[in-house]
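If you're matching them up, the sequences are chains A and B in order. Using the numbering used here, the first residue of the first sequence is number -2, and each one after it goes up by one. Using the numbering used here, the first residue of the second sequence is number -2, and each one after it goes up by one.
The hints are simulated quantities; they were obtained by calculation from the structure and are not laboratory data. Where hints are given, some of them may not hold.
[Said to hold, decoys possible] If you anchor each label on the Cβ, the simulated ranges turn out as follows:
1) A/Glu339 with B/Arg160: 42 to 50 angstroms
2) A/Asp253 with B/Arg180: 48 to 56 angstroms
3) B/Arg180 with A/Arg160: 39 to 47 angstroms
4) A/Ala291 with B/Leu222: 55 to 63 angstroms
All residues carry an ideal CB built from backbone N, CA and C; glycine is no exception.
Number of protein chains: 2
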Amino acid sequence: MVEFSSNFRNMRSSAIRELMGVASRPETISFAGGMPNNGLFPVEEIDRIIARLPREVKQVGFQYGPTHGYPPLCSALKDFLARKGLPIENHELMMTTGSLQALHLIDRVYLDPGDVVVTENPCFIGGIAAIRAHQGILRSVPLDEEGIDIAGLQEALDQGPPRPKLLYLTPNFHNPAGIVYSRERRQAVLSLLPGRDIVMVEDDAYSELYFEEQDRELVTPIKALGPNPVPICYTGSFSKILGPGFRLGWLLAPTDIMKACELAKQSIDACTPTFSQVIAHEFLVSGQLDRYVAFVRGEYARRSRIMREALREYMPEGVRWNRPRGGFYIWVQLPRGLDSAEVLQKTIAAGVIFVVGKTFDPEARLNDRFRLAFSHTPEEKIADGIRVIAGAIRDCLS
Amino acid sequence: MVEFSSNFRNMRSSAIRELMGVASRPETISFAGGMPNNGLFPVEEIDRIIARLPREVKQVGFQYGPTHGYPPLCSALKDFLARKGLPIENHELMMTTGSLQALHLIDRVYLDPGDVVVTENPCFIGGIAAIRAHQGILRSVPLDEEGIDIAGLQEALDQGPPRPKLLYLTPNFHNPAGIVYSRERRQAVLSLLPGRDIVMVEDDAYSELYFEEQDRELVTPIKALGPNPVPICYTGSFSKILGPGFRLGWLLAPTDIMKACELAKQSIDACTPTFSQVIAHEFLVSGQLDRYVAFVRGEYARRSRIMREALREYMPEGVRWNRPRGGFYIWVQLPRGLDSAEVLQKTIAAGVIFVVGKTFDPEARLNDRFRLAFSHTPEEKIADGIRVIAGAIRDCLS
């Protein structure tokens, strides 16, 4: 037997994968997947776009494209990002095969085994996986309702050797914590960075999905709040504003970092799907993306309201959760002593699933939390599912 | 400045990239890109497929899919591969974001820095890039017209420590050498493998593109020629039989290897574009793929004939080239002492480009060769381009 590389000698499969069998049964009520509901996709809009694309443009969609992306899409997306206040000068934009690939590329060009990344706790599992894939060490800092804990962040940044090379944050509608960083917390993060030899990665997959117009300003990326005291790599995605099946994300990064990321991508998949990019370009420049996002904002806001109402109605005392202002997630905290894995065991038997908290914890400790996604579940099943989970929690309490 | 990881501290950009500026000028005659001509893509067929797909199937195409691929496509593709004689039992099939990603994944799960891969010389540049991306060492073995040199292969396999972990071969319509392995050479490769602790990777992106019906048997994969004395990972692609812009390749591998590759993919892009997979599935199961491939075989055969006729007409004595029986490439050998980079300098000035031989040589030595792709160039420009190159060679000779 040829030995696997050091990274694959002790393979772990993720807890989410183990739920897949249950999730695929039609009677299951799933709060597990962080994905849009199939019924919400802009299928007719994309049908019309494809039908009207000139033959020559379609041919370009069938062909290899530049590693950094389909030029008209890069150009339109740069304008889109500039309107968010993001710096475009001395920066390059690259289309990636999902924004997870952007995270993977940054980790790839910076991390040797044993290098440290400061992350939030809880943390997006794709972010954790990409760091671990490069044998990076996660140094995680707790979140509260306004963002990352600033004293904890300072300590994590100061600690060493080894000093951290990267700081990975998700300020908008955090997966799984559901929170959005306050403006003050964003500024506090920025104020910790001057003079440090670190690269910050700002993962912004959800910022379009604010529920109230008044929060439009709140989601302004940290990268856009002023001069960047350290290099900030900004990632985003079409997964939540068109559909994950197109596998389209992006990376906005200072030119020197992008050169390395582009080289890394060349040995991974050469270029991002051109056919997807041609479609996304037309969706963006025709204004249909803006109209669609306005529509899904309302849909997700309503689903989150239904879920919160059900939580208030059914959950026993001592269970707490956030009120999301956008995104896909509610993060639930159980009364002390309860283990969400035990709750899940009971709800699986009743056909209801969610993701346990320790999945998102680099230290694998947050047993008393779990993530509910309201994005995917049919509206009329949300209350039923919450009732089942509440019942299981009561069982565990007694 | 945060230091890049050890892999990116001395970045190199590929020679092909440097040609891109020239290649994009409309007056350029390019034999550089290993890609189909835009005019050959099955645009109308795919338009009809998209127009007729049921809404529910389209919604699936907008959504995340399983990491291993869209189940109906995996199933249909397994049947397609079984008809080539490939073993399906104890094997798994995974859809990858281009077949380059399949190569990247195998290298990722096997190679630690300094591990050795035996390759052909010349070798597909994507294969070289994927190995180098994992800091693997290439130990390359010359090709002749029937395939890899067997004495050289035996020596490379026996040499060590370190013993090679992987053997990477492209038996069908080699990129860039243009050759196809003879049946005897395939058997000779197999006969060298028993008892060795090695994994073979068989890259088969071009096997559908044989020019003569009589060669259908010749392209039977090594993996299909009998019991596999060592694990053989087999990779293929929709890039040449549908279009590279969909970024669809596949990996057929023994189950234990696939588990590691699937885990590796989870941290790179989570899943292969579902929208592309839904389209490819319909293209395959409707029989349109077979009809389309029959059509492009004739197109590439004619282009190769035109190129060979022009070579015979214009090239000075002492220049040699293969007669391709399929695929995209003619591999040209210059008279001793001539450097293809010098020839290219002259032809660039005249608006004609190709790729110099050392690009494909892990030892960066094959200065007296170059690759001509006939797949991309408009038919009516092929002879003109060859005439320019022949003139440049004459200039260099005198």
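Structure-based check of all given hints:
| no. | hint | in the structure |
| --- | --- | --- |
| 1 | A/Glu339 with B/Arg160: 42 to 50 angstroms | holds, 49 angstroms |
| 2 | A/Asp253 with B/Arg180: 48 to 56 angstroms | holds, 51 angstroms |
| 3 | B/Arg180 with A/Arg160: 39 to 47 angstroms | violated, 59 angstroms |
| 4 | A/Ala291 with B/Leu222: 55 to 63 angstroms | holds, 59 angstroms |
When the structure is compared with the earlier hints, a violation turns up for hint 3 alone.
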